[in-house]
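Visitor: Chain residues, written in single-letter form:
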Amino acid sequence: MMTVAEPITLNQESENQELARALRRRDTEVLDRLIERYQYRLLRYLTTLTRDRPTAEDLFQETWIRVVERGGQYNGRHRFEAWLFAIARNLAIDRIRQQKVSIGWDEWADEVSGEKSIPTAARTAAPLEDFMQNEQRTHIQQALNELPAGYREVLVLRFLEELALEEISGVIHAPLSTVKSRIYRGLDLLREKMEGAVL
Amino acid sequence: MNFKSHHRAEELLLSETAGEITRAESEWLHQHLDNCPACKDRSRQWQPVLQSLKAFQVQVSPELIRSTKQAVHNRAQELQDSRPGDLLFWSAAASSWIWILWSASWLWSILDRLGNSLRLPAWTWQMAFGFWWLLPAVAVAVVLSLHREQQRSAAESGIPFQSFQEEG
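Chains as they are written, first to last, in this note's numbering: chain A, 400 to 598; chain B, 4 to 171.
If you are wondering where the hints come from, they were derived from the structure by calculation, not from laboratory data. It is possible that some hints are incorrect.
In silico EDC-like pairs for lysine to aspartate or glutamate, Cα to Cα no more than 20 Å straight-line [unchecked claim]:
| # | chain 1 | residue 1 | chain 2 | residue 2 |
| --- | --- | --- | --- | --- |
| 1 | B | K72 | B | D84 |
| 2 | A | K579 | A | E591 |
| 3 | B | K43 | B | E30 |
| 4 | B | K57 | A | E591 |
| 5 | B | K72 | A | E456 |
| 6 | B | K43 | B | E13 |
| 7 | A | K579 | A | E565 |
| 8 | B | K57 | A | E594 |
| 9 | B | K72 | A | E435 |
| 10 | A | K579 | B | E28 |
| 11 | B | K7 | B | D37 |
| 12 | B | K57 | B | E14 |
| 13 | B | K43 | B | E19 |
| 14 | B | K72 | A | D457 |
| 15 | B | K7 | B | E30 |
| 16 | A | K579 | B | E13 |
| 17 | B | K57 | A | D587 |
| 18 | B | K72 | A | E468 |
Here are the simulated distance ranges between beta carbons [to be verified]:
| # | chain 1 | residue 1 | chain 2 | residue 2 | range |
| --- | --- | --- | --- | --- | --- |
| 19 | A | V429 | B | E152 | 31 to 37 Å |
| 20 | A | R476 | B | T25 | 19 to 25 Å |
| 21 | A | V429 | B | T25 | 30 to 36 Å |
| 22 | B | P40 | A | N474 | 45 to 51 Å |
| 23 | A | I492 | B | Q48 | 30 to 36 Å |
| 24 | B | G133 | A | H477 | 55 to 61 Å |
Every residue gets a Cβ at the ideal spot worked out from N, C-alpha and C, and that includes glycine.
Work out the full structure, taking the sequences as your base and the hints as a guide.
Guide: Okay, structure coming up:
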């Protein structure tokens with residue numbers, strides 16, 4: 400399937416500017432809408448990053464409080480989600496440093512989170528199909544959890560959160576070439592993990 | 004096929020999955036894949052991984068969303084409340100300093116005359132003049148403590164500070 404890149408339209412730009420103004424005046428209605436809009440993406444990113452659901456939920460809340468406090472720093476020139484994920488990432492790194500415990504940031508995972516991913520939307524699939532989908536999700540989460548955090552993170556940002564390579568580079572404070580090589584290597588590793596897992 | 008074209012194909016494969024590829028790039032990529040078994044193989048290997056990745060979801064509990072919104076509202080309110088406090092502080096400080104500076108020369112001559120008429124030692128009325136300069140700090144402290152007290156009673160009674168102010 401061929402997809403064609405869409406340039407950022409003026410409309411999007413003015414939307415971002417409007418959002419920046421709302422964040423500056425700490426508009427709680429806008430904040431509520433943002434929390435709802437990004438709930439799955441942000442929690443998914445934090446869960447993948449920390450591999451610990453309670454920590455991810457804690458950071459989820461902290462991220463939004465930080466958005467309220469630092470809302471004035473969002474200038475509206477970039478996509479909001481890139482700014483949001485950068486905040487979430489910084490908080491996650493701080494938490495890892497504070498707790499001084501490894502949650503997979505610097506090393507290969509030995510343990511696999513018992514958390515099972517569950518589909519978000521209400522589904523009407525048949526039980527067998529449901530079971531297979533859950534199995535597939537558990538499988539991919541386990542495979543992701545076994546990747547080093549650096550690879551895990553870029554794969555999630557790229558293919559789940561659909562950030563542009565330049566945006567990922569801004570979020571993780573790494574050169575574009577590093578982002579690309581982590582994605583290639585991450586995909587290969589993920590494929591190996593998935594192929595190697597018992598089906 | 005050279006190394007450069009394989010590298011470009013890899014990059015474009017990634018761009019294609021994220022929908023960030025132009026028509027011309029897409030045409031080039033598919034032409035390359037038709038003629039390069041290695042890249043085609045890689046693309047084929049990545050597809051199931053990418054499909055699985057995209058199916059990865061998490062469940063968000065409504066309680067988390069509710070408590071997050073509540074925490075965000077509370078923080079926004081706190082920040083909002085601290086703003087009038089700052090404004091009040093600086094207004095009180097500025098007005099009391101203006102008053103002190105303006106009245107200092109008058110006060111000096113009044114205290115001087117009063118001291119002489121009551122035959123007081125000079126240091127007593129000069130000390131009274133000195134205390135006059137403490138008044139700005141006292142005024143600001145009184146204003147701020149009244150303001151904090153208002154905030155505290157509003158929070159305790161569960162009435163938002165804004166409406167408390169309006170009612171008051």
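Visitor: Each of the hints needs a verdict: does it hold here or not?
Guide: Status of the hints after comparison with the structure:
no. : hint                           : result
1   : K72/B with D84/B               : 18 Å, holds
2   : K579/A with E591/A             : 19 Å, holds
3   : K43/B with E30/B               : 14 Å, holds
4   : K57/B with E591/A              : 17 Å, holds
5   : K72/B with E456/A              : 13 Å, holds
6   : K43/B with E13/B               : 10 Å, holds
7   : K579/A with E565/A             : 10 Å, holds
8   : K57/B with E594/A              : 17 Å, holds
9   : K72/B with E435/A              : 9 Å, holds
10  : K579/A with E28/B              : 18 Å, holds
11  : K7/B with D37/B                : 17 Å, holds
12  : K57/B with E14/B               : 19 Å, holds
13  : K43/B with E19/B               : 14 Å, holds
14  : K72/B with D457/A              : 13 Å, holds
15  : K7/B with E30/B                : 17 Å, holds
16  : K579/A with E13/B              : 10 Å, holds
17  : K57/B with D587/A              : 16 Å, holds
18  : K72/B with E468/A              : 14 Å, holds
19  : V429/A with E152/B: 31 to 37 Å : 32 Å, holds
20  : R476/A with T25/B: 19 to 25 Å  : 23 Å, holds
21  : V429/A with T25/B: 30 to 36 Å  : 34 Å, holds
22  : P40/B with N474/A: 45 to 51 Å  : 47 Å, holds
23  : I492/A with Q48/B: 30 to 36 Å  : 32 Å, holds
24  : G133/B with H477/A: 55 to 61 Å : 57 Å, holds
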